[in-house]
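Number of protein chains: 2
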Amino acid sequence: MGMLLLFPFFFFLATLLSTTESSNHHITHQIHLLRPQSGSRSTDIPGLSCQSWRLGVETNNIRGWKTVPDKCEGYVGHYMLGQQYRKDSEVVANEAILYAQSLKLAGDGKDIWVFDIDETSLSNLPYYAKHGFGVEPYNSTLFNEWVNKVTAPSLPESLRLYKKLLSLGVKVVFITGRPEDQRKVTTKNLINVGFHTWEKLIHKGSSYSGKTAVVYKSSERKKLEKRGYRIIGNIGDQWSDLLGTNTGNRTFKLPDPLYYIS
Amino acid sequence: MGMLLLFPFFFFLATLLSTTESSNHHITHQIHLLRPQSGSRSTDIPGLSCQSWRLGVETNNIRGWKTVPDKCEGYVGHYMLGQQYRKDSEVVANEAILYAQSLKLAGDGKDIWVFDIDETSLSNLPYYAKHGFGVEPYNSTLFNEWVNKVTAPSLPESLRLYKKLLSLGVKVVFITGRPEDQRKVTTKNLINVGFHTWEKLIHKGSSYSGKTAVVYKSSERKKLEKRGYRIIGNIGDQWSDLLGTNTGNRTFKLPDPLYYIS
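Residue numbers (numbering that gives the first Met the number 0), protein chains in the order written: chain A, 0 to 261; chain B, 0 to 261.
Among the hints, a few may not be true.
Chain copies aren't distinguished; within one or between two, either way the pair holds.
In silico BS3-like pairs for lysine-lysine, Cα to Cα no more than 27 Å straight-line [as the list claims (entries may be wrong)]:
#, residue 1, residue 2
1, Lys103, Lys199
2, Lys170, Lys65
3, Lys65, Lys103
4, Lys70, Lys183
5, Lys210, Lys103
6, Lys86, Lys70
None of these hints come from the bench; they were simulated from the model.
Let the sequences and hints guide you as you build the complete structure.
Written out as structure tokens, the structure is:
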């Protein structure tokens, strides 16, 4: 029921823009309305194709970037709020489901699938739509305020995968970069939007302070395998969710042109 | 000089279509002219977004595919012959050059960069433009005939990277899935288009018969490292060029929606 309550904002944004997709003027205008105050600008790369930039990001050719190039704000906004982000995510979920269905599972409760949370299970798109679609530098104060509102919608395609995995007898483990002090709001948000059960929800403990996501997530996956779990799948929006050690039998990269985490 | 002689066909195709980019009808018509006989058709996936399919391929979410989906022939053709393929490759080369320039090289002649050949150093686009842009199943007889013509153009952005690396004192090692009996034509073709020197040109020996590219290429990279080489970079159009062991300090994935090699 929570999902039904929280969905409208996401779909409000998405349908608002997808219905006016034929008119570039309209789209730009609407996105601007969603973001009345422009944040500080940073990157300007002359001659850059935003399409090529996004492909470079998604294939992990472009690494360590701080913000979306200024000129790509409109492009990324259209991508995220239009049909393509959803379609791209749908293909990922379809492939993951085909793969999961092809496996012969042991059925001993040790087969797990690792899910990242932000931009994988929960969507922060309503926040980023108000903050320049990644053009504004990351602001932890404002972002944490948003997290504490507990209003992040699900990524519908990931929720579909999650439900399918549960029905196949696979257990889900969330590994998130969110700190321990966001456990309560994160739990509530996950349950509200339909992720109602899990084997473990692993937050980034203070011992990993200053460590990269690759180090933290690899270490936590290693612990899981030491405890006898088999990571049959691993899904995330960042390459740092999927690289390192103990990455799982197969990884799935969801699109995310909004930010980069190493 | 050879490069100048061989370039025209590639650019003939590219400019032919990019100049008529505003008219879809024209593009489709021209591509059809290039491919008078339609090959056997195979994959049809209803509701599939070709853009999402291509992203799925480039991010290694979609694996083990045999042919480009039927409905995506036009899409892939436009992508390959229009501006976007070149622009996407340009971003990859730019990132690779930035990375290479950032390194402090030992200058002892042991810093190498691994290049794949097909769709990385040499382009088979003139062949694929006549064979359905990956929609037709792979035909080794016809493809080998094309290889033996020694008329493959370079990928201009990879050639640019190659020249930059040489100027930085990095040595280049080619590792190709082409068999030993194509060494002579491959050598000639590489030199003709501007790849005039290399530390090693490694062809797939008969001992790797039946082995995947990941196994073969990992094994050859391991041998290189055992001989004291440091693989500072590795570039290829297939994930099987970049995954496995001894992958190098950083990998770069060029676009290739034409075929999949495991």
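Check each numbered hint against the structure and report the violated ones by number, ascending. Those not satisfied are hints 2 and 4.
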